[in-house]
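Undergrad: Those protein sequences? They're chains A and B, same order as listed.
Under this note's numbering, the letters of the first sequence match residues 1 to 90, in that order.
Under this note's numbering, the letters of the second sequence match residues 1 to 153, in that order.
Calculated directly from the structure, the hints in this document are not laboratory data.
Incorrect hints may have been included.
What the hints assert, rightly or not - Coverage of chain B stretches by chain A, computed from C-beta distances (three or more under 8 Å per stretch; other residues unrestricted): (1) 23-29; (2) 105-114; (3) 131-142.
Stated by the list, open to error - Here are the simulated SDA-like pairs of lysine to any residue, each with C-alpha atoms no more than 20 Å apart in a straight line: (4) K23/A - P98/B; (5) K77/A - P62/B; (6) K23/B - L34/B; (7) K26/A - P62/B; (8) K77/B - G10/A; (9) K26/A - F134/B; (10) K26/A - D126/B; (11) K77/A - S118/B; (12) K23/A - S118/B; (13) K82/A - P62/B; (14) K77/A - K90/B; (15) K22/A - K66/A; (16) K54/A - P98/B; (17) K77/A - D127/B; (18) K77/A - I54/B; (19) K22/A - Q119/B; (20) K22/A - D126/B; (21) K26/A - S118/B; (22) K77/A - T129/B; (23) K54/A - K90/B; (24) K54/A - K6/B; (25) K22/A - S118/B; (26) K77/A - K77/B; (27) K54/A - E95/B; (28) K23/A - K90/B; (29) K77/A - E122/B; (30) K23/A - Q119/B.
Glycine included, every Cβ here is placed at the ideal spot set by N, Cα and C.
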Amino acid sequence: MKIMAVCGSGLGSSFMMEMNIKKVLKAIEITADVEHSDLGSVTPDVADVFVMGKDIAYSANLPEDKVIIINNIIDIKELELKIREYFNKA
Amino acid sequence: MSNLSKWLNEEKIQYLENVSDWKEAIQVAGRPLLNEGAISQQYIDVIIQQKEDIGPYFVIAPRIAMPHARPEQGAQKLGLSIVKLGHAVKFDADENDPVDAIFMFSAPDSNSHIEMISQLAEVLSDDETMGRLFNAGSKEELSAILLADKAVN
Numbered sequence: 001m002k003i004m005a006v007c008g009s010g011l012g013s014s015f016m017m018e019m020n021i022k023k024v025l026k027a028i029e030i031t032a033d034v035e036h037s038d039l040g041s042v043t044p045d046v047a048d049v050f051v052m053g054k055d056i057a058y059s060a061n062l063p064e065d066k067v068i069i070i071n072n073i074i075d076i077k078e079l080e081l082k083i084r085e086y087f088n089k090a
Numbered sequence: 001m002s003n004l005s006k007w008l009n010e011e012k013i014q015y016l017e018n019v020s021d022w023k024e025a026i027q028v029a030g031r032p033l034l035n036e037g038a039i040s041q042q043y044i045d046v047i048i049q050q051k052e053d054i055g056p057y058f059v060i061a062p063r064i065a066m067p068h069a070r071p072e073q074g075a076q077k078l079g080l081s082i083v084k085l086g087h088a089v090k091f092d093a094d095e096n097d098p099v100d101a102i103f104m105f106s107a108p109d110s111n112s113h114i115e116m117i118s119q120l121a122e123v124l125s126d127d128e129t130m131g132r133l134f135n136a137g138s139k140e141e142l143s144a145i146l147l148a149d150k151a152v153n
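Given the sequences, and given the hints that come with them, work out the whole structure.
TA: Structure follows, in structure tokens:
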């Protein structure tokens, strides 16, 4: 299982999301590789799940069921909720 | 309690009651990094241009902007600068507008800012610290929050 945090530049917010995703996974006891990237470099095959802010989600060329969209990228509670939802469903 | 003091000093913490618009806010945030040679003017110009072209990609949460560009766009050294505005300005960022806390950073490559971004993420997700930061009404208050040693808290 590989999770990719994505933002416009691949430097700032995707990096923060990667760290928060790791914290959440630890808390909910799910093991996965987490990396970060910029929107321009991601293709559907590079990860199983993509986590990104709403601002870029609509321009991302990725299958809808592989994308977790978050509103506030530093809100760890929202992130946890959405990751939990995703894994319960999957 | 996180600690950003390693990357900050009095010059890189600014409080401004008013700016005319988001562009001025970005220019102000960039000035101390420009002065110490962490970035070139191009870095600031690129951020403003990208925001005009693709939107407010760096407004990451309500009231918070984290403007940055890529290393090859004029970042020479690792840098962090913080501006708190008395009167928040709009960045065309929907429900995250208006913004009054601006954290500009520069990174010369994709790895050297790992520790800084990790500490910044801690601060930004810490409701107590952010509450104090949003309420700060002077540079002195900001410095007390951001330059405080871990031991203080």
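Undergrad: Tell me the numbers of any earlier hints that the structure contravenes, in ascending order.
TA: 1, 3, 4, 7, 9, 14, 18, 24, 26, 28
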